[in-house]
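As they're listed, the protein sequences go chains F, D, R and P. Sequential numbering from 995 applies to the first sequence in my numbering. Sequential numbering from 3 applies to the second sequence in my numbering. Sequential numbering from 19 applies to the third sequence in my numbering. Sequential numbering from 1333 applies to the fourth sequence in my numbering.
The hints are simulated quantities; they were obtained by calculation from the structure and are not laboratory data. Hints are not guaranteed to be accurate.
Claimed, not checked - Just a sample of chain P residues kept apart from chain D, beta carbon distances all over 10 Å, derived:
#  : residue
1  : Gly1346
2  : Cys1374
3  : His1381
4  : Val1420
5  : Val1440
6  : Glu1460
7  : Tyr1502
8  : Asp1521
9  : Phe1531
10 : Asn1535
11 : Met1549
12 : Glu1552
13 : Asp1602
14 : Lys1604
Unchecked claim - Here are the simulated BS3-like pairs of lysine-lysine, each with C-alpha atoms no more than 30 Å apart in a straight line:
#  : chain 1 : residue 1 : chain 2 : residue 2
15 : R       : Lys164    : D       : Lys111
16 : P       : Lys1551   : D       : Lys467
17 : D       : Lys468    : P       : Lys1551
18 : D       : Lys574    : R       : Lys164
19 : P       : Lys1492   : D       : Lys352
20 : D       : Lys467    : P       : Lys1621
21 : D       : Lys614    : F       : Lys1065
22 : D       : Lys614    : F       : Lys1013
Said to hold, decoys possible - Residues of chain D clear of chain P, computed beta-carbon distances all greater than 10 Å:
#  : residue
23 : Pro261
24 : Lys352
25 : Lys406
We treat Cβ as the ideally placed atom computed from N, Cα and C, and that holds for glycine.
The primary structure of each chain is shown beneath.
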Amino acid sequence: MDYTKQIREIATKLFTEEKIDVFVGYRTTGFDENQVPVIITGLEEIPKLIFNDKSVFNLTNYLKQEHTRNKRVGLIVKGCDSRSLNLLLTENQVKREKLFVIGIACEGVCDDEGNKMQHCTECMFPDAVVFDEMVGTTHDARLYQVNADVRELASKSLVERREYFETVFESCIRCNACRHSCPLCYCAKCVIDQETSTLYHGANTTSSAFHALMTWSLHLAGRCVDCRNCESACPMNLPLHLLHKQNESVIYENFQEHMAGVVEGDRGAFYKYSMKDPDDFIM
Amino acid sequence: MARVGVFVCFCGANIADYVDVPMVVEETKKIREVKFAIEYKYMCSDPGQQLIREAIVQHRLTSIVVAACSPRMHEKTFRKALSDAGMNPYLLEVANIREHSSWVHQKDKKAATEKAADLVRMAVAKSIANEQLFEISVPVTKRALVIGGGIAGIQAALDIADARIPVVLVEKSPSIGGKMAQLDETFPTLDCSQCILTPKMVDVASHPYIELIPYSEVIELEGFVGNYKARIKKKASYVNFATCTGCGACWQKCPVKVPNEYNMGIDKRKAIYTPFPQAVPNKPVIDAAYCTMLLKGKCGICAKVCQVGAIDFKMQEEIIEREIGAVVVATGYDLWDPKPYEEYGVGRFKDIITSLEFERMVSANGPTNGLPVRPSDGKIPKNVVFIKCIGSRDEAKGIEYCSKICCMYTTKHTILLHHKVHDSHAYVFYMDIRAAGKGYEEFVKKAQVDTAATYLRGRVSKIYKKEDKLIVRGEDSQIGQVVEVVADLVVLATAVIPPKDNPELARMLGISYDKYGYLSEAHPKLRPVETAKAGIFLAGCTQAPKDIPDTVAQASACAAKVCGLFAGDTMKKDPMISTVNTEFCSGCQNCVQVCPYGAIVTEEVPMGHGSKEMRTVARINEGVCQGCGSCVAVCRSMAISLAGFTDHQIINEIVSI
Amino acid sequence: METIVKDQHVSIEKPEIAAPPDWEPVIIGILCNWCSYAGSDLTGTSRIQYPPNIRIIRVPCTSRVDPWFLIKALQTTADGVLVSGCHPGDCHYITGNYYARRRFLVTKKLLSFIGFHENRIQFSWVSAAEGPKFAKVVAKVTDDIKKLGPLHLYKKENFEK
Amino acid sequence: MKKLTYYPGCSSHGTSEEFDKTVKMVMTSLDVQMEEIPDWNCCGATSAHTLSESLAYALPLRNLVLAEKLDNKTIAIPCASCYQRLKVTKYHMDNNPELALRINTTIVGEGTYTGKVEVKSMLQYCYEEIGLEAIMARVTKPLSGMKLACYYGCLLTRPKAITQFDSPEYPISMDRIVEALGAQATEFDYKTECCGASFSISNTEVVIGLSGKILEMAKESGADAIVVACPLCQSNLDMRQPDIEKHFGKQYHLPVFYFTQLMALAFGADPKELMFNKHIVPVEEALAKIGKVEPGPEKIKKPKKALEAESEVE
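Whole structure, please, built from the sequences with the hints as guidance.
Below, the structure written as structure tokens:
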């Protein structure tokens, strides 16, 4: 998967026709194969742009930043990224008319060793669901499958699961990088920083990590699009996707809802209900 | 620093026998914020309340905890005590140590005491986060709008107006009266519908507190409870009602004939018409769809014959506005079109008619002089088959629900048929006979004996024609066989359905409707006349199928609700409602999505202080919010807080145990 | 519906610290004002006895219950939590409990996934007329939590001492 | 020239050969090019959906997917049952995403369903896409004098939500077509009553009762013959007619034609080519009403198109 040429062409066209003010894309780090996001402002910077299977980051996170706000933005979205974009649109965080979206029919991105990322092999929606222009060949419909890690952990005993997550929460250093990298975390002041919660949950402790990560994952339940920005940002390499994918599997299996962000205008499972929702767990 | 006063009640022996009250007081005194704690025999008694009032002043208390019975019992009493002492009543918290401790742990005094102490500690913790709240008072425009002039609207308007509250009654057709005016006799007493309805119609027209606006529709409603503004479109009637004397010369001379809706199209009316002789107001209107003067500019006979010059072909529709405080919606019902019953040959066989058509035929002022006739050849039918549940209880073709009135009116029709055509015979195909109502079962039983009608329990599967008769094939499930009845006339008891513009009306009013289009009440059992939107009430079949007695009862209930709403100059409202902290609001509008009352709207605020850039935030209409807290829990930014149940208060309770 | 979290019915979590002999669990009950709180009042007026471990918090509606409260309760004071509201269709605020029901299921499964026994968080529908049911529910929850032992997992104190 | 994807179904190779043949003749006359779905398979009929839901959808789905590979807008299906299966499958694929996803994966390797092809019965195709005027324009030997009872059976128009064609209880499309051919359609109330369908073999008495009623009413309506658009209806009404007559002790003499047979006839085809010899009830009496046409040895001058059709088919 290398769409560098197409991306550069489209970006050039957009800048020449003055349809956008800035373009959010990827460039190489300069010292290895990995890539970092880049925001370019004119034609002269276009040669920086690159897109291949190392273009891991979900760029929609940049839509909440100062340098893109109120500007006309060109943007590259893969399948997962487009779903977070859909949610941002639904939740009135960005305006569609200010965006030019290049949708990618994504073949999956690779990790440092060049292996296809595990979540990309499970991806249900590789093709962008929101786009102005599509790049790549689109895919056939795919079936939902429960995340392999979640399945594996779920098959373990309660005690094993608990011990596993104790080490996870112990390792967390509460740096909040996960939150900052998440395109769907845009609150003016996060609940876990608000006085009411800081008052009681203590500082950098396992307990506070439990509180923060649980609250965070429940705020993303039914919304997380599995882009894994949080995991790539986490300095402690915590398996944060486990929490999100667990919620996703419960929601998908019990509520017959769409996957997060697939349908425009769909806010996620927590903001609607059905009379037929499971009731058997309630006495 | 908060200064909390705690008052623990013995409740005679009710609490004291099972909870060591002095011990609870001792425990409570250990809490840093508690500056005063005392026990007393009956806190709710006058001396008990006096204790609170004195302590507030003496100890400069900032919040009060009363440990006694359930807050559902005496919260109001104690709030009043606080008010009397000059303290904000919402600084009170009640610890429920009777229902939740002493009464349910009677065998373990130690545990009950520990629990009581915990409950008090939680209440103290919560009260520390209590804020002063002020009762919301909303000014009220004391005028009611009634939409729909059928029996429901008439009754509601009369009852409200009798309480000397002005009413605006808007009816979309030229006359009030509704469906009831089309009926001949009414079950179960067989008294004449016109005879009991027309006096009420006249009352409406002459009532000093009722403004009747016929031939008009409400097109817009804005505002909230007590403060609505309605825009009403007065359709062009082309007749100046102020000068028209209702002499009738115009419609007698009018040459254009049009199918008469009042008589279900069985006969004709004129292009200028009063819907029926007893119409209120008894003033004609011109049907613009047929009048040749309006269509082609020719004729104008009515204008020539009118002695007072009331005809005005240049009349335009007019929009008027009324300020009102409450709305009663009484838009009635429609009848289901049986066209999907193609296996019956509906539409192909002329001698299949609907019940309302039959009703008009047998009506004394009807188009056939009160006799049922076959539309195909005008002969008097001898064998008449009545089929019930046409569209009702039929998921495939019609609707799932029971229309409630068809069993009764079909029974009435068998009687009317028997009265009018003595040698006739009625066959009734039915699924069940549902005769729940005062005198209803007796009525059905008597009718079955008197008319000797044949009741066949089963569905009709087909109707086909043999010569000039209709062969009705159906199942008689009681003998388990297919039967065929040779009929002269078939009468279909078509289902009651909501008016087709109900959804549009509901959207305009901002209330909800169900999957059929009936307007939804706030609670199916306990709030059957209110809607989820405060100040809007429902009467009659617009909410669900009903017979006349139920409709009238509901209309009067609406009137009572309206009168209650208008009892004071302002409406008092509990201040325990949600508010948005716009600083934290991210504008995601999840709250708008989940609010069951539509109380949340959005507004634009500057991005920062003095900034010209705007951002969207949520705003809660305090007149509409009912304080459920749905919005609070879905607000990820925690920008919304519910007064009385803030996050701070609840977390305080959780962590203080 | 197949659920992917197996092993929910292990009777006991591995207790890290043995329960002291006179240990009594702390259970927080969050009840909606219109049905369950009224139901619990009825339990009282009917003098139906139930275990004294529950501490009741009143909220207007189960839809007011943010899952955050449950996490907070488990993190700070509670050994178990019970949330109770109106039966589906009976919500005083029309639809509140439907929204709550979804959140509860996801929260319960998530907590179970990270190692809390499913019985630590329980839910019930108790109407204002179901005084006896409320007593039974509380007895069951208390019994369940007693079997599970004290909850030390992620408790704030453990990490501050 | 119109193009059309054709799904013949198994009965066209057996009991309803004449339907298949006359469809081809008529379509050629009407300037419609038919492309048969390559490698089509069984629609599943009544057997599949009594066994497995997935199978009942997967079999027609494969046909739909194969049909999508041909570049035509519409599939037309002569057999009412095949039509029903394909139409129901299409309906669920379009309206039930969960099911669609599941079934799509059962035919992996054949391609993905996109829903671009419309499914119509042959009757619907003639009525909606060809149109009465085009049919009327082709008529060279009007069927004037013939009174026909049009019998639709249960599947062509039902259930309405899925078929979206004509009235489910009192359809008129075939009546209009035979009227366009010059015949008179009788007012026939038993158009959509059940003929007994496949009980013909397992419980013949049921069929005798049900089909007997239909014949009785058709006769009463004054018809000389019955017209159908379904192989099973044809075989029940035609093949069982002697048994029915015996059972009720009445004489009906109502031949049962496929509407395409009559179309071909009116378009001027040689009656001998229309395989009337396969009918149980003799057709001569009914055909004699038109006057000129006799299935005898007399040669009838055929229009050019019909001749072409013949040469193509054989």
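Violated hints, by number in ascending order, as checked against the structure = 7, 8, 11, 12, 18
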